[in-house]
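Trainee: Okay, here's what each chain looks like letter by letter:
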Amino acid sequence: MTSIRNRFISRGPRLGGRGVAAIAAAALVAAVAFVGAAPADAASDKKLTVASETEISTFNPFLAYFDGELDIIATIYPSLTVGDARNNMVGYLATKWTTSSDKLTWTFTIRSGLKWSDGKPLTAADIAWTYNLVMTNATAATANGSLVSNFAKVSAPNATTFVITTKTPQANILYTSIPVVPEHIWKSKVSDLKNFKNMQFPVVGYGPYQLVGYKTDQYATLKANKDFFMGAPKYDTLVSQYFKNSDASVAALKSGQLNQDSGITATQFKALKGAKNIETYQQAPTGWTGIEINPGAKTKTNKAIGTGNPILKDQKVRTAIAWAIDRKTLVAKVLDGLGQPGAGYIPSGYPQWSWQPDASQAITFDPTKANQILDQAGYTKGPGGIRVDPKTHKKLSFRLGIHSDTTTDSQIATYLVSWLKDVGIQLTVESMSFNQLNKDLAKGDWDILMDSWGTGADPTYLLSIQTCGVLPDADGSNGNTDAFFCDKKYDADYKLQTQQFDQSQRAVTIREMQGILYNANVDIMLYYSDSLSAVRTDTTAKYMYGKPNAQGIYPLQNRFYDWRTAAPADSKSSSNTGLYTGVGIAVVVVIVAAGLIIWRRRSTAADRE
Amino acid sequence: MASPNAVDPVGVEAVTTGTTAERPRASAADQGRSTFLSYFLRKLLAAAVSFAVTLVIGFTLFSLMPSDPVATLTRGRPVSAAQLQHLKETLGVDQPVWHRFLTFVGHTLTGNLGYSWQYQQSVAGLIESRIGPTLLLTGSSTLISIVLGLWLGARSGWRPGKALDRISSGVSLTLWSVPTFWLGIILLVLFSVGFGPIPALFPAGGMSTPDYTGSTIGYFFDVARHLVLPCLTLVLVVFAQYVTIMRSSIVDELGSPYLLTARAKGLRDDVVRRRHAVPNALLPSVTVIFLQIGGLVGGAITVETVYSWPGLGYLTFQALRIPDLPLLEGTFIVFSASIILMNLVADMLYRVLDPRVRAQ
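Residue numbers (the working numbering), protein chains in the order written: chain X, 22 to 630; chain V, 292 to 651.
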């Protein structure tokens, strides 16, 4: 009995040990929560923390793929030219340029006196070496090879002259700038370029910032280049942090962990509107959402392919569909009003190229007109109100392919089904993965598909995917067409604009091309969604540049400027440090007290029993 | 006074066996070693076969996925037809399935996990850089879940139907049925933005504060702060399974005679539960624990996504998006190997924990 009693008594300290351990653990958690909490990760005066557009996994400019990487690369490596506030190209390394009379030779004068971050001179030789590498090395061409595919040769006759000779006249040379790297650093990397992630910090480069650190899948840290010739950044440090979901980045913005957040949804935008110390911004769109209608898929050799419904070859049917769609309602309901109804092929973020139909050309929402067009074309309504093709006696019943992982697609589909039913056209929605939809598209196995595209400042590529030249080969392979559109006049204009060195003349041609696309109704633009972002006004000022239009929409922003012109705000919100400390102490006291009470109860349990 | 363990019938059996004569005991030891070796080899062979079958199934599934990585990778980027063709050849997507399978097997056997299509980096390198954070998150949450779940389960089962049992079972099963993503978002909004007078207590994402310049201890606390919410989310969702298993095991033990003996010795109820009932009730939990540990390396896709944790789960999700077959295959190999290895360890551990398995 004694031994049991002794054992029992001896349990006091053991229980106490566990109790103390529990208390210590709880106190540790509390300490973790409060010790050095807010001040450590709140956006500080000299640190600009922004949400990265995408993940970041490499800083090799020859391989970089994600937007988040490209934003940083444009900040740490220079280029011949850069887009200005209206996305017109202006000199960066180049101060001026001339073209030869045969339009094949471009001679750039390169800014002198610039130095890489390691002090070595930055000259035209670095530019020529970089361009040559992209032109001659398949790995180096991964990211930007297409930009130099028309280049015959490049050279640097002296330190301040860079010459490009093209195979054929090329009007968009100023838009084809690629990141220039220091030859003395990269020469030794060429042999294993594929595996070089460019993460030897600090990275030698030139730009408003220098890359000094990176944490895998989290963030990149950059230090300001106070000697940048366009003007030093106002912040000392720039952090581009990647959030894997936008709710988390919005939470980080609200708590002050971020200074700026972009790519937010309409719902988040509305929720942030009016929030304390946060200003929301709409930017002009850079892309569109639309539907493409199969006009009869065929190869370059004019051989029909795929299972597209032949009724859709009739332009009148396609035009009737265009009249049956209420784009304004889509903007109001799907985008919460944060966008514009679609029309021209190039979005309004690039006002130098964008086009809108005049009142006489405009196709608006008019079901009566749609019905009238179909009636006149002989498509009479049959059983169930579905129209029938007079030649084949088949119903106007089409497949509508939508992306299963895009919520707006299913929202839009609901409206389209209803609107087209009103004009006697039946749609069957087929939800499929992005990959499956792409596969069907390439094979011509579709009737109507949801589609969306974005573009950079040079629209050449976006225009190219509507030319006959990108139709599949005779065996159905190697196609790069968006919707199997092929029009001789459009193709002639496409070729013309590639050789129009006068950008205003080029713009006229590009607008004419958009008119052709608009009337063909193969790609029907539904809407352009505004780019949405938000900034902490208590810590950051002047993040956005340019002036908003009457609807409050800012011109398209370029991070190259945003990150340089953004400045710490004068006013500061009151600190929460006192509150943090108070709450922290209270929580620790409660935990310790609770632990002691439990311990006390346990140690006297025997007496109670 | 006998040791409390002696009241365990298993313990009694072991002691009884140990009282045999010297020579036969040595012989039994040799036989035991031989039996163990045979048992181990059989389990090892079974594991190898499982791994091979898993690889074939995995590869078949990946091959069936509708994919056009070239189109996906070049979507929205200016590429010529020649470049598309070059990319197809580089990625090897124009190779027949059998050729891709042989490459996959070859990679697996040589430890070369290939080259990611979308990241343009070696798969091994991508996995290596993310496995640490994943193990930190899933390891810490699993450890806490096990300790909390087994502790609560043992106490609940000891007095079934009482208040603690009703509350712990109700709460844990409710949390178990809550979608992880939803719970994560709620905790994120509450604790990283703040509510009412309560300020933001924890960061909204990431594993550490960008550009942290403090001491090593400070960095430890910084990572710990970032770990709290994702870890808490996982614990709240996962610990229920340990509670239920431990509870039912303890309930099964309640009427056992050896517990009556222990009580008859005058031991306190708490000691009877902890020293006698719990060790016997622990075995079923071992299976679940090791299955869970095997899956640790797979990460937690939803939690990693909600809290932007730089782990393997999200990497796998990204690989599925393209789909990036070399990366998918690489992560699949690592996940499969991990689970199969842990099952092997569990099988071995059973022999240590339960003499009845040895006897078989």
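No lab work stands behind these hints, which were simulated from the structure alone. This one's a predicted model, so the numbers in the text were calculated from it and none came from an experiment. All residues carry an ideal CB built from backbone N, CA and C; glycine is no exception. Wrong hints could be hidden among the right ones.
BS3-like mimics (lysine-lysine), calculated; alpha carbons at most 30 Å apart, straight line [stated by the list, open to error]:
| # | chain 1 | residue 1 | chain 2 | residue 2 |
| --- | --- | --- | --- | --- |
| 1 | V | K334 | X | K210 |
| 2 | V | K556 | X | K174 |
| 3 | V | K334 | X | K464 |
| 4 | V | K379 | X | K321 |
| 5 | X | K442 | X | K415 |
| 6 | X | K218 | V | K379 |
| 7 | X | K516 | V | K379 |
| 8 | X | K319 | V | K379 |
| 9 | X | K188 | V | K379 |
| 10 | V | K334 | X | K208 |
| 11 | V | K379 | X | K324 |
| 12 | X | K460 | V | K379 |
Sample of chain X residues lacking proximity to chain V, with all beta carbon distances greater than 12 Å (derived) [to be verified]:
| # | residue |
| --- | --- |
| 13 | A162 |
| 14 | V260 |
| 15 | Q278 |
Trainee: State for each hint whether it applies.
Mentor: Comparing the hints with the structure gives:
| no. | hint | in the structure |
| --- | --- | --- |
| 1 | V:K334 - X:K210 | violated, 48 Å |
| 2 | V:K556 - X:K174 | violated, 96 Å |
| 3 | V:K334 - X:K464 | violated, 49 Å |
| 4 | V:K379 - X:K321 | holds, 21 Å |
| 5 | X:K442 - X:K415 | holds, 16 Å |
| 6 | X:K218 - V:K379 | holds, 23 Å |
| 7 | X:K516 - V:K379 | holds, 28 Å |
| 8 | X:K319 - V:K379 | holds, 22 Å |
| 9 | X:K188 - V:K379 | holds, 26 Å |
| 10 | V:K334 - X:K208 | violated, 53 Å |
| 11 | V:K379 - X:K324 | holds, 24 Å |
| 12 | X:K460 - V:K379 | holds, 15 Å |
| 13 | A162 | violated, 8 Å |
| 14 | V260 | violated, 4 Å |
| 15 | Q278 | violated, 6 Å |
The structure fails hints 1, 2, 3, 10, 13, 14, 15 (numbered hints given earlier, in ascending order).
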